[in-house]
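Student: Here is how the chains run, residue by residue.
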Amino acid sequence: AQSVTQPDIHITVSEGASLELRCNYSYGATPYLFWYVQSPGQGLQLLLKYFSGDTLVQGIKGFEAEFKRSQSSFNLRKPSVHWSDAAEYFCAVGAPNNNDMRFGAGTRLTVKP
Amino acid sequence: DTGVSQDPRHKITKRGQNVTFRCDPISEHNRLYWYRQTLGQGPEFLTYFQNEAQLEKSRLLSDRFSAERPKGSFSTLEIQRTEQGDSAMYLCASSQTGPYGYTFGSGTRLTVV
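So the protein sequences, as listed, match chains A and B. Position 104, counted from 1, in the first sequence is what our numbering calls 104; the numbers after and before it change by one each time, with no gaps. Position 19, counted from 1, in the second sequence is what our numbering calls 19; the numbers after and before it change by one each time, with no gaps.
It is worth saying that the hints were derived from the structure and are not from the lab. Glycine residues also receive a C-beta, built at the ideal position from the N, C-alpha and C atoms. Some clues are possibly wrong.
Claimed, not checked - Which stretches of chain B does chain A cover? Using the computed rule of at least three CB atoms under 8 angstroms from a CB of chain A, they are:
1) 13-26
2) 95-106
Unchecked claim - Covered stretches of chain A (chain B as the covering partner; in silico rule of three or more C-beta atoms under 8 angstroms from a C-beta of chain B):
3) 29-41
4) 45-51
5) 104-111
Here chain A stands alone, though its shape is the one from the complex:
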């Protein structure tokens, strides 16, 4: 079964600084990979997804992620963080039949003024 590890529980960055959130997955075949963001008390919003093709994917809100098969990673990046980016970020891996998406434990992002 697929699984996801997000090594960083909490990250603090200054507004305007760059951001990278780490995600490592375990899956026997080519995975479907996702990043979601969750604000307090809310559901999850899809930021971006990777299924195939170009390993650098662009998402909403200026986020991007790069799939590296050799490292089993799908790290999320943003060149300049805004205060409104403070939230919980979840990496997820899904099987091609799309019936069971597994989530990491999440990384909480704090943005300092």
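Assemble chain B onto chain A, guided by the hints.
Tutor: This is chain B only, laid out in the frame that chain A set:
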């Protein structure tokens, strides 16, 4: 498209009572998923439907839990004889069949006292 709706947003119940939650997915989506999320954790898969058929259930879904999607549209999740350990956010999501991400609702937060 009004997104995925969940009702109620919050539910406080006494231990031993039964509760029922409702999820209305995006109308074009034939797949519907239930997840449970506890504080500081990522969502955990509970079950999913394709149209009205419940195709997979997690081991997390004990006999006290039952989910239905009678006409392939809205779904209900019932918890019988609630326990304090059932306190969590219950998230519903929907998708089309294929390589698509899920669209999540805002969740129902259950507190068992």
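Student: Now tell me if each hint is right for this structure.
Tutor: Going down the list of hints, with the structure as the test:
1. For the region 13-26 of chain B, the stated coverage by chain A is violated: 0 residues have a C-beta nearer than 8 angstroms to a C-beta of that chain, whereas at least 3 were required.
2. Counting residues of the region 95-106 of chain B whose CB falls under 8 angstroms from any CB of chain A gives 11; the rule of at least 3 is met.
3. Only residues whose beta carbon comes within less than 8 angstroms of a beta carbon in chain B count, and the region 29-41 of chain A has 4; three or more means the coverage holds.
4. Given a C-beta distance limit of less than 8 angstroms, the hint that chain B covers the region 45-51 of chain A holds, as 4 residues qualify and 3 suffice.
5. With a threshold of 8 angstroms between beta carbons, the proposed coverage of the region 104-111 of chain A by chain B holds, since 3 of its residues qualify and at least three are required.
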